[in-house]
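What follows is the residue order along each chain.
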Amino acid sequence: MTDLTQLTLAEARDALRSKSISASELAKAHLAAMEQARSLNAYVLETPDQALAMAAQSDDKLARGEAGPLEGIPLGIKDLYATQGVRTTACSNILGDFTPPYESTVTSQLWRDGAVMLGKLNNDEFAMGSSNESSAFGPVVSPWAPPEWSQDKLDAALKGDKKGLLVPGGSSGGSSAAVAAHLCLGATATDTGGSIRQPAAFTGTVGIKPTYGRCSRWGIVAFASSLDQAGPIARTVRDTAIMLRSMAGHDAKDTTSVDRAVPDYEAAVGRSIKGMKIGIPKEYRVDGLSAEIDQLWLKGVQWLRDAGAEIVDVSLPHTKYALPAYYIVAPAEASSNLARYDGVRYGLRVPGKDIADMYEKTRAAGFGSEVRRRIMIGTYVLSAGYYDAYYVRAQKIRTLIRQDFENVYHAGVDAILTPATPSPAFGIGEMGASDPVEMYLNDIFTVTVNMAGLPGLALPAGLSAGGLPLGLQLIGRPFDEESLFSIAEVIEKSAGHFKPQQAWWS
Amino acid sequence: MNATVDPKKLIKGATGDWEVVIGMEIHAQVTSKSKLFSGASTDFGGDQNSHVSLVDAAMPGMLPVINEECVRQAVRTGLGLEAEIHLRSVFDRKNYFYPDLPQGYQISQYKYPIVGEGKVIVDLVDGSQITVGIERLHLEQDAGKSLHDQHPTMSYVDLNRSGVALMEIVSKPDLRSAEEARAYVTKLRTIMRYLGTCDGNMDEGSLRADVNVSVRRPGEPLGTRCEIKNVNSIRFIGQAVDTEARRQIAIIEDGGTIDQETRLFDPAKGETRSMRSKEEAHDYRYFPDPDLLPLEFDQAFVDTLKSHLPELPDAKKARFMADYGLPAYDAGVLVAERVQADYFEAVAKGRDGKTAANWVINELFGRLNKEGKDVTTSPVSADQLGAIVDLISNGTISGKMAKDLFEIVFTEGGDPLQIVEQRGMKQVTDTGAIEAAVDAVLAANPDKAEQARTKPGMLGWFVGQVMKETGGKANPQSVSDLLKAKIGLE
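These protein sequence lines map, in sequence, to chains A and B. Heads up: the first sequence at position 327 corresponds to 326 in numbering that gives the first Met the number 0, and the numbers run straight through without jumps. Heads up: the second sequence at position 174 corresponds to 173 in numbering that gives the first Met the number 0, and the numbers run straight through without jumps.
For reference, chain A alone in the conformation it holds in the complex (with noise of 0.2 Å):
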């Protein structure tokens, strides 16, 4: 075993409970490659210490038998989960150095199961962008270099102004950069409107964005409440069913969370789909599909097909209303969820000559500009005399787009395959500069999702003709999760894996 960072994270609780290897020293590979990996500026914060004296723990465990389901595995750890003691800033200026006295309720969970942290991931500032570009940190670089760049220019740009380097994705950039890299094993991550998927399909890795209500939010920093839900990213379709199942459960603290039984996911690893019926939405045909994508869509029919399936052509009428709904629910609900950060209690204060001064400078030298412009708009569709015209029939479309999925399922369709993003990863600086609705035209294939509360899987499939990744997504019914890991092993089985020129960036 040359590079424990080369297991997949099945691999490595496999060789630790064979005792091949050791939980020091896997969570050490780890340490060793994100240090060496700082200019992706995948971590806004690392944990070695913690990291270490977990992963000591973890081999005690081992050696006692008393291992957990993810007894010594490194993770990486979005900046949105709140964690105990250690710095969770939602990558905003406006919570400073703020350090929480507790600990999120999925985070606690991969604890509990023996998981170890290795640190907090870079993501847009409050989870809102599509490219980690709204990051109070920075930028993060993705993995997957831009074709035919010279090591040379890849020097310059990763020590210059990273333009023209690719985007992991957004929110969950860090994660997914992570992930792809090989900084963790697995990562935490969230998704709003695609917040897991497009960053996992940019990146070649593999997420899920459970059923709302799967995962507690308790201890995770808001966005957008009705549409929030925690996620894993990691590099195999098992390894996110593996860490799924840790992170999911009711809790009491979340009444929004579903007090359902936690399936054993892995399980379904590998099950049969003979016999599933899976639907094609026509809607998701868009304008401007690029034709690469659409073969990838073709091709992912064809290897389901082989594998026993049934595809059967459907319809989701309201498909194309869903992008303008939810960019008015997740502002409205975030201006409301972001008044809490005022310079009052804790994070960023800026003194002025009276309260209302003291608001207006903490939030404005608090909050980047495009939390700014959604709080702007979230403020706008609440207001007396627009509540009705915008608010009010977005929620009605988005209980059409929930009619429209009940109506597919209720004909007995079991999964829906659509492309994950309408294009491969583009490069930083390049997108939505001039024109905010570029940007969140890349969840367009995702929001549906939220706004239906679904389970939504995301997982390459194929690359681009310029050799960059691309991802297949599958919606399934709710609360199962199960057919969407048997649906996605068939297609990775036939896509295989997709993995960036590794430590070009050390």
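These are computed hints drawn from the structure, not numbers from a lab.
Below, computed lysine to aspartate or glutamate pairings styled on EDC-like, alpha-carbon distance capped at 20 Å:
(1) Lys7(B) - Glu178(B)
(2) Lys252(A) - Glu295(B)
(3) Lys352(A) - Asp99(B)
Chain A is already provided as a structure; the job is to place chain B on it using the hints.
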């Protein structure tokens, strides 16, 4: 409701009569151990910021979880107001910035409150009754408290109250005078205290009123209203209504118009003053709180709560009138507080209700009032007072002696029967002893006895002399009867 105008309630202006129209929003703190959406204590008087959970301080990622006890209390209150209970209601966010509002929004209920229309029957001093319509009752969070006097340049914030459950009870504009407004709040408070859903303690801020006041010529449409915020005593509610009504009348009579606005009542200066105009009103951007599912329960939940409700003041009053033969006024006084009514019933049990009521209301309440005490701190228990009533009823002591005995029991305590025996307070009913005293008095005053034969009014003087002779222990009725016989009256 109250469609006909009662001329007694009109206010005389320079140009004629005015009718004042009042509607109220009462904020009543729910009696519960913990807050509406967190486990923090609701105890009053803790050190600043000592009852604050992560949720109350709105730390990042914190989520509200509804306290079911507060839901039960709201439903119970709704039942006490004979109101429609909504099996499905929705919590909304009311968004505004203020340092004592950590979330930047208050969780409240806007479009779909837990309780709908109901009514309260209010007794007025003249014995008449009015029915006040209830528009709705909803649950919401209280804010914290800004402290501006702790530091020369800074304000402090105490979050102990932040997140405490309030019931906002909105009346219809059915009140027509300061007296009615006071009586309405008093009655509402009584009902909630009976139910145990709000302690009604206005000193601790458990009950606050926003008073909406407008004036109009009798029979005309409603005038423009002003809302007087946060009035925190029943007396001030009355003063605020009168002050504000007179202010509005003066403006209109001077040819001006009333601006819809929010005002504050200053009891020290006896005036209301503008807080913010309609134009300055916040746009609260209400929307359903996505952290909370709609609040749903079934009719069985309501029925169970209903079956366990205590007897409420109106029912108790009717029963006291029917079962004990009490006049409406006495029954009303007794039921104003549940502990008083319970005390009365303990005294009246197996005894004459009217006598018991007289002793409780006139002697006990009067004496307690003088000492600044109430029934709960009364030095005379219901058993002791009952024993005193027994001693009167069976003729052992006279009414006059009973008052002395009551004073002894009130100040010194003890068993009334024993006190009577030990101190020889027993009324003399032995006719032989009384007869001797009567004879002695008649013998000493032959002239007056002669006069009394033709002037029966003199009898009282003789009774007094005999009572003096017997040291007050003679039964006055026996004395009177004997005197009449001896003098030869009738």
